[in-house]
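*Asks:* Next come the chains, spelled out residue by residue.
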Amino acid sequence: MGDTLRIYAKLIAAQGRSQASYRFSFWLDLGSNVIIVGADLLAVLVIFSRVPVLAGFSVTETVLLFGLSLNAFSLADLFVGNIERIRFYVRFGTLDTVLIRPLGVLPQLLALDVGFRRIGRIIYSLAVLTVALVLADIDWTPWRVVLLIATPLFGAMFFCAFFIATSTVAFWWIESGELANALTYGGRDFTSYPITVYGNWFRRIFAFGLGFAFVAYYPGLALLGRADPLGGPMWLGLVSPVVALAAGGVAAAFWRFGVRHYRSTGS
Amino acid sequence: MKIIETEELKKTFTVHIKAGRFRRKRTTVAAVDGVSLSIQRGEMVGYLGPNGAGKSTTLKMLTGVLQPSGGLVSVCGLTPVAQRIKLARRIGVVFGQRSTLWWDLPLRDSFELLRHVYRVPPAEHAARLRTCRDLLDLDSFADTPVRQLSLGQRMRGELTTALLHGPEILFLDEPTIGLDIVSKQAVRGFLAELGERGDTTIVLTTHDLADIERLCRRIIVIDHGRVVHDGSIDALHARYGSRRRVIVDLDAPLETPIDVPGVELESSTGTRLVFAVDGSASVGPLVSQLTASGTLRDLTIAEPEIEDVIARLYQQAAVRSLG
Ligand SMILES: Nc1ncnc2c1ncn2[C@@H]1O[C@H](COP(=O)(O)OP(=O)(O)O)[C@@H](O)[C@H]1O
Ligand SMILES: [Mg+2]
Numbered sequence: 027m028g029d030t031l032r033i034y035a036k037l038i039a040a041q042g043r044s045q046a047s048y049r050f051s052f053w054l055d056l057g058s059n060v061i062i063v064g065a066d067l068l069a070v071l072v073i074f075s076r077v078p079v080l081a082g083f084s085v086t087e088t089v090l091l092f093g094l095s096l097n098a099f100s101l102a103d104l105f106v107g108n109i110e111r112i113r114f115y116v117r118f119g120t121l122d123t124v125l126i127r128p129l130g131v132l133p134q135l136l137a138l139d140v141g142f143r144r145i146g147r148i149i150y151s152l153a154v155l156t157v158a159l160v161l162a163d164i165d166w167t168p169w170r171v172v173l174l175i176a177t178p179l180f181g182a183m184f185f186c187a188f189f190i191a192t193s194t195v196a197f198w199w200i201e202s203g204e205l206a207n208a209l210t211y212g213g214r215d216f217t218s219y220p221i222t223v224y225g226n227w228f229r230r231i232f233a234f235g236l237g238f239a240f241v242a243y244y245p246g247l248a249l250l251g252r253a254d255p256l257g258g259p260m261w262l263g264l265v266s267p268v269v270a271l272a273a274g275g276v277a278a279a280f281w282r283f284g285v286r287h288y289r290s291t292g293s
Numbered sequence: 005m006k007i008i009e010t011e012e013l014k015k016t017f018t019v020h021i022k023a024g025r026f027r028r029k030r031t032t033v034a035a036v037d038g039v040s041l042s043i044q045r046g047e048m049v050g051y052l053g054p055n056g057a058g059k060s061t062t063l064k065m066l067t068g069v070l071q072p073s074g075g076l077v078s079v080c081g082l083t084p085v086a087q088r089i090k091l092a093r094r095i096g097v098v099f100g101q102r103s104t105l106w107w108d109l110p111l112r113d114s115f116e117l118l119r120h121v122y123r124v125p126p127a128e129h130a131a132r133l134r135t136c137r138d139l140l141d142l143d144s145f146a147d148t149p150v151r152q153l154s155l156g157q158r159m160r161g162e163l164t165t166a167l168l169h170g171p172e173i174l175f176l177d178e179p180t181i182g183l184d185i186v187s188k189q190a191v192r193g194f195l196a197e198l199g200e201r202g203d204t205t206i207v208l209t210t211h212d213l214a215d216i217e218r219l220c221r222r223i224i225v226i227d228h229g230r231v232v233h234d235g236s237i238d239a240l241h242a243r244y245g246s247r248r249r250v251i252v253d254l255d256a257p258l259e260t261p262i263d264v265p266g267v268e269l270e271s272s273t274g275t276r277l278v279f280a281v282d283g284s285a286s287v288g289p290l291v292s293q294l295t296a297s298g299t300l301r302d303l304t305i306a307e308p309e310i311e312d313v314i315a316r317l318y319q320q321a322a323v324r325s326l327g
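Protein chains in written order, with the working numbering: chain X, 27 to 293; chain L, 5 to 327.
Chain X with its partners taken away, still in its complex shape (with noise of 0.2 Å):
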């Protein structure tokens, strides 16, 4: 096991490697992956100048729900946000190079896409939850604390299983194109918001029926001591962690289904 882990590190660092010998891109997109993450930030902000209070929600409250959502997400996308990717692979064959290796498919996958360019926005989204946790008016507790840790790591699990479970629909569906990308940059925004906003229909199959209200809405309830102004129960705010493994366990079931259907190309 250890043993295992170290090999993946070794590959992660050689993956390091290589993008540094671009090094002028790697700043390049380091650097943009900066100024492209303030705009939705600046979007909240915007609308929070026209009115004051959201679907129930102060902007204090509201940018914490954003800073949440953001943390779990970008850690989610540093790990496997390039797993979209295989859409390539499965076209061009390209799979054929990793399963000959003596290591797990997904695995050699991410370790060969580690997104280094985006550990920019890990640090941005870790300064906006700091600056929304200053605002907010947060009764502290060791268990909120507990909580608060615990939610972006839940969250970006979530988030992992989601990336994942989208990109397999190119094993079989060779011309899904950005699909999976849409789906997932989708359930981002959704999180972002407090889910009141949100038309009834809408709401309830991504919220509940995706499980995309316990990646910020219901931790960050908890975390505020606020009613859900849905009148769901308070425990809601502690159903994350069993929402992230199912969500990891339907992932590894689509994966483990898509590979199966992988056919690589003549050559």
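Keep in mind that the hints were calculated from the coordinates and are not lab data.
Careful: at least some of the hints might be erroneous.
To be verified - To spell it out: a stretch of chain X is covered by chain L in this simulated footprint if at least three of its residues, at any positions, have a beta carbon under 8 Å from a beta carbon of chain L; those stretches are:
hint, stretch
1, 36 to 48
2, 247 to 257
Stated by the list, open to error - Chain L is nowhere near these chain X residues, computed Cβ spacing over 10 Å in every case:
hint, residue
3, D29
4, R32
5, I33
6, I61
7, A69
8, R111
9, G119
10, L121
11, D122
12, R170
13, A208
14, Y288
15, G292
Stated by the list, open to error - With beta-carbon atoms standing in for the labels, derived distance ranges:
hint, chain 1, residue 1, chain 2, residue 2, range
16, L, G193, X, A46, 34 to 42 Å
17, L, T135, X, V268, 21 to 29 Å
18, L, A130, X, F52, 50 to 58 Å
19, X, Y211, L, E217, 27 to 35 Å
In this text the structure is predicted, and so the values were computed from the model without any measurement.
Even glycine gets a Cβ: it sits at the ideal position worked out from N, Cα and C.
With chain X fixed as given, assemble chain L with the ligands onto it according to the hints.
*Replies:* This is chain L with the ligands only, laid out in the frame that chain X set:
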């Protein structure tokens, strides 16, 4: 001892072909259509066939890349897809048309990374690397990023990486495709030496017949996903009645025509005659009649061309599949 065994191995692909402007029709293509093989430990086998015959697809099923659609397959006593990771430690694979190296890093780094991936003890790794370095002349480019290597240099790197963990079987899919003469010869020479040592079973697909002639005692020819020949090159010649040619230069035209059973005059241009000799016939009587004529200046015997016999084989297979 059998190391590779397949029975009625099949792979079909579903493909959508255009039918009309918007409609697409589903059809299935049998890329490999019932291949039964048995390869012994230490053998060196050439897997031959025209483009699209199903060579690569067979290799992918043997290496655990593709799940067969039917039939049985066992490699090193394992079931390739189900036991992919176990099998991967015991085989080496080279794809002529696909790189398995770290594109942006020096070749040396790929070697080192694979030592970890395959968990090879450092001393063993170093010993194998030394052998490859000498035989394949790697030192001059081991520090160059792979993306800057020539195809020939890269292929030598690929061969090395496939061998560093001491595989029991080496699978090579068109290892000489696109290489210049010097690199081709380096690769062939290296494989010949590896084959002679006898501890590595080698399965090599190619459509370059020179590879086969140089390297393989046994060839398996497939066409349209089916085995059409499995045996030695000599057996292939015997089966398709390959004929040796005797090329004769004379001082003066012959007065009486040569008449030897099994020998046919193929062409005659002035004082140069070309005879075709059946596989079973001996050239002895022909030579003695020529000597008796007193005008013989020079004589060469040309072995049958493998190209010819393979071409004849494909033709016959095509006729058979039509009939
Ligand atoms: N992934 C694939 N999807 C559809 N058809 C394929 C695929 N891979 C191979 N084929 C078809 O199967 C046949 C055999 O291909 P291949 O094994 O690559 O031939 P070759 O003998 O040239 O290596 C060809 O007709 C090819 O078009
Ligand atoms: Mg091929």
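*Asks:* Now, for every hint given, state plainly whether the structure supports it.
*Replies:* Evaluation of the provided hints:
| no. | hint | in the structure |
| --- | --- | --- |
| 1 | 36 to 48 | holds (count 8) |
| 2 | 247 to 257 | violated (count 0) |
| 3 | D29 | 7 Å, violated |
| 4 | R32 | 7 Å, violated |
| 5 | I33 | 5 Å, violated |
| 6 | I61 | 26 Å, holds |
| 7 | A69 | 37 Å, holds |
| 8 | R111 | 14 Å, holds |
| 9 | G119 | 7 Å, violated |
| 10 | L121 | 8 Å, violated |
| 11 | D122 | 5 Å, violated |
| 12 | R170 | 42 Å, holds |
| 13 | A208 | 24 Å, holds |
| 14 | Y288 | 8 Å, violated |
| 15 | G292 | 7 Å, violated |
| 16 | L:G193 <-> X:A46: 34 to 42 Å | 37 Å, holds |
| 17 | L:T135 <-> X:V268: 21 to 29 Å | 55 Å, violated |
| 18 | L:A130 <-> X:F52: 50 to 58 Å | 33 Å, violated |
| 19 | X:Y211 <-> L:E217: 27 to 35 Å | 57 Å, violated |
Violation of the numbered hints given earlier is confined to hints 2, 3, 4, 5, 9, 10, 11, 14, 15, 17, 18 and 19; the remaining hints are satisfied by the structure.
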